[in-house]
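Visitor: What follows is the residue order along each chain.
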Amino acid sequence: MRIGVFICHCGKNIAGVIDIKRLTSSVSELEEVYYATDYVYLCSEPGQKAIQDQIKELGLTHIVVAACSPKMHAATFAQALEDAGVNAYLLEIANIREQCSWVHPHEPEEATDKAFELIKAGVAKVGQAVPLQPLSVPLNRKVMVVGGGIAGIQAALDIANGGFEVYLVERTPSLGGHMAQLSETFPTLDCSSCILTPRMVEAAKHPKIHLYTYSEVKEVQGVVGQYKVKIEQKPRYVDPVKCTGCGDCTEVCPVIVPNEFEQSLGGRKAIYVPFSQAVPLKYTIDLENCLNTRELVVCDQCYRACGPKAINYLMEPKEEEIEVGAIVVATGYDLMPVEDLKEYGGGLYPDVVSGLEFERLVTASGPTSGVVRRPSDGKIPKRIVFIQCAGSRDPEHGCAYCSKICCMYTAKHAFMFKHAVPDGEVFVFYIDVRAAGKGYEEFVQRVMEEERIAYLRGKVSKVFQRDDKLIVWGSDTLTGMAVEIEADMVVLAPAVVPSKGAKELAKLFKTPVNEYGFLDEVHPKLRPVESSAMGVYLAGAAQAPKDIPDSVSQASAAASKVLGLFSQEELALEPIKAEVNLDNCDGCALCVGVCPYGAISLVQDEPDGPRHIQVHKALCQGCGVCMATCPKEGVNVAGFTLAQLREQLRAMLK
Amino acid sequence: MEIAYFPGCTLKTTAKSFETSALAIAESLGLDIKELPEWTCCGTVYSLAEDDLMKQLGPIRTLARAEGLGYSTLTTLCSMCYNTLVQAKQFVAGDSVRLQKINNFMEEESDYTGTVEIKHFLTLLMELGLDRLKEAVQRDLAGRKIACYYGCLLLRPESASIDDCEQPQILEQLMQALGAEPVFFPYQVECCGSYLTAVKPDIVARRAYRILENARENGAEAIITSCPLCSFNLKDRQKNIKAIYPGFKDIPVYYFTEIMSEALGITKTVENS
Ligand SMILES: Cc1cc2nc3c(=O)[nH]c(=O)nc-3n(C[C@H](O)[C@H](O)[C@H](O)COP(=O)(O)OP(=O)(O)OC[C@H]3O[C@@H](n4cnc5c(N)ncnc54)[C@H](O)[C@@H]3O)c2cc1C
Ligand code: SF4
Ligand code: SF4
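Chains A and B are the protein sequences, given in the same order. In terms of the working numbering, the first sequence opens at residue 57 and continues consecutively. In terms of the working numbering, the second sequence opens at residue 10 and continues consecutively.
Simulated from the structure, these hints should not be mistaken for laboratory data. No false leads were mixed into what you were given.
Pulled a few chain B residues facing chain A out of the computed Cβ check, cut under 10 Å: (1) 167; (2) 173; (3) 174; (4) 175; (5) 176; (6) 193; (7) 195; (8) 196; (9) 198; (10) 199; (11) 223; (12) 226.
Pairs of lysine to any residue, SDA-like flavour, derived with a Cα cap of 25 Å: (13) 398(A) with 161(B); (14) 258(B) with 523(A); (15) 154(B) with 404(A); (16) 515(A) with 177(B); (17) 154(B) with 405(A); (18) 515(A) with 161(B); (19) 515(A) with 167(B); (20) 518(A) with 165(B); (21) 398(A) with 178(B); (22) 518(A) with 176(B); (23) 398(A) with 200(B); (24) 170(A) with 96(A); (25) 518(A) with 161(B); (26) 209(B) with 536(A); (27) 398(A) with 177(B); (28) 525(A) with 175(B); (29) 525(A) with 228(B); (30) 398(A) with 203(B); (31) 673(A) with 653(A); (32) 518(A) with 198(B); (33) 518(A) with 228(B); (34) 398(A) with 176(B); (35) 525(A) with 178(B).
By construction, the Cβ of each residue, glycine as well, lies at the ideal position given by its N, Cα and C atoms.
Generate coordinates for the entire structure from the input sequences, incorporating the hints supplied.
Guide: As structure tokens, this is what we get:
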């Protein structure tokens, strides 16, 4: 064994504090060290070459680099070692920058001593290291995308266009998500359906995309590269192959119920499509409202009207198992129910509506054909109060975060209302206007100034009804005045919350969610579309409140991660994984329960033989909880074995 | 199960009718309520300043005493007492350092451990169940239009609230069970002006005027409350209101227990009031 130590100056970052000369000479004197030297920037091209040259010249077998955090450059140095013929796992980084020179800038003497200790520990650890090889596991190059909103559609299209098969699972009868409900879109005011529906059709027609609408994920097993997923297709009671989408059935159905797509502002029949551009354009019977039950058929109007005889009242749910290598979760968002916003009269007064309801009221295809009419009496409102941050930025309502899209869509709504009702008056209550997107601030400014919208900086304390008016009490914090506005209608911008069932779904995928239930990424800055479960990627508003441009960008980013993964035939994994030591493991199973990734199982080689654990390498993330738990050294994480850690510690304490 | 009753100062003085009616109701419904011996000040507004442990001594001493006597539940009528006791309990819950300090101050009491549950009288009634209350009605209040006024202390902060703090319904439910007709009353949780009544009675009169007029506009013939201070501001300040708004007409303000005891046929309390 010939251990070489390379000490980096990092310009003045390290050398400005630490006495490199003294450090290098004391390191050289260590018995275990064959060679030690220093260099001004080790991570630079010539720096790396200096290491490689010494490896070749002196036949160094193990390397310690004393420099910055391993998070910064461990990969760089590992590659340099590999290129010079030394296994990447025979490298140890002693972090003498973040953990030494940066935190002890005023104690150069002690810092130098500490750097020496850190290097000594690194030398001790690398002395116990063994070469490791990346693991290779089979990779099924198909992907499942969950959620058929704009994010899911975009991810599916990008991956399919990259040449891989996609299963797109949407739980409602149609693709589209919330974007299908929108009228026009900020900041450019292009019509939402016009830009969305072509995408929906493209996804449905794509030969590589298998569409599962009205379907839900029931079970997920396996790991990256080899997931097995059970999907349940709920019965539409209409054979999608036979249904031509003519709509003859809807005409004759006697049952009218509130239409979810119209936010209950309009009606639909028990046999329906959510909206006229639905994809696929296949009708669905909502059995909860249909006059028939599973046991009893009392109405057969639609059956008789249906030319191609597509209706089948006895259809059963269908379960299908698919196998995929990666998953994109794009399950989107919901709005906090207005009923939870009682201080604003939510759920109490019909003319207090949510942003999405307003969206339907200004849409040409909406229940009022785009004429803004208030729900209570159908009158055209003259004075509207918009309340931003209704529930958002409000820990009392459990949503301390900013919902991000409301400032923008409120400005859009104000604009659209003023164009529909030119003599109308608009008041907007806001905390502060957050318009930090391309063209966003300009849009808001234009709305405020050209449309003469009264923006009041402050919160509303109460909304209540007096005769047929809504009285809004609030404060204008810029003038310090209490204001009372008599309005015809109040539009809330309720907090954006994760879509229903997102938490349960995340559990199936073993992906963490944050305190609010939004899916968590591994790293908020550097790995924003990966979840901590390898092979599970995030897209759209399921991860955090997002507008369309951000949802689409993230979807494409998730797709590119999947395509990157699929560029390999087999999956290469870091070998830093738990390994059982069969001599010591007696199958006590203490570690089985503590593993946060469920990577450990208990096995028996022969029916009556001794039991021991087995580690599923693809699941294991190398966290080491098992190793710390096992009282018998029955399990070790490669690259961080107990022997390595023990020597490291011993060197430090010596 | 016997429940400790903490009256607080006002119930023994200006709000005497609140207490007599409530105790009569408790008796007729079989609620086993017994006044806590040697009770002390609830802490009132002073204990709501969180930065001074000393001021929590009043409410915590009361809780310690109830605990020492083996009570698991303590009830109050006055909204202020309810609020200070609940907040004092929350103030030391899970903070052993604070609790220890306070206990050290109260050598004469057994240590408070935090087991006593504080329930407003309204909550006790709800726990009996609306059906049970309906059964007990002797004189239906049919046609009596009532505005239920909560003020703040039953509802704020949210952690101390006896009901939904934005749209409470507990008084309305009670009135409905008694056969009365609670009216739509958006000012149900508006501030009554509170202690400003002592220094700026005119401000309070103006506030009370708006609250009372809002109740009247919505058809109420009477207003009920559970807070002696609200009651004072809404009822006794009607004199001041008249000085500012000469056209103002009196509107009766009752404690909810007064109306209730009328419904349960315990007439004497209402006659007293
Ligand atoms: C009132 C309002 C106005 C807006 N206006 C604009 C605008 O003008 N411009 C703009 O850029 N943005 C706007 N937005 C934001 C826009 O709606 C979102 O950015 C966008 O819809 C996010 O897309 P998504 O695909 O991530 O989520 P969603 O649109 O919510 O789609 C998620 C999809 O996943 C499905 N799903 C959920 N759970 C499951 C499950 N378990 N299994 C299967 N499928 C599931 C849902 O049914 C849905 O189809 C507005 C939002 C609101 C509320
Ligand atoms: S069978 Fe059901 S869906 Fe069909 S027409 Fe009758 S009620 Fe409507
Ligand atoms: S290292 Fe962590 S993830 Fe791997 S098996 Fe052990 S406990 Fe599980």
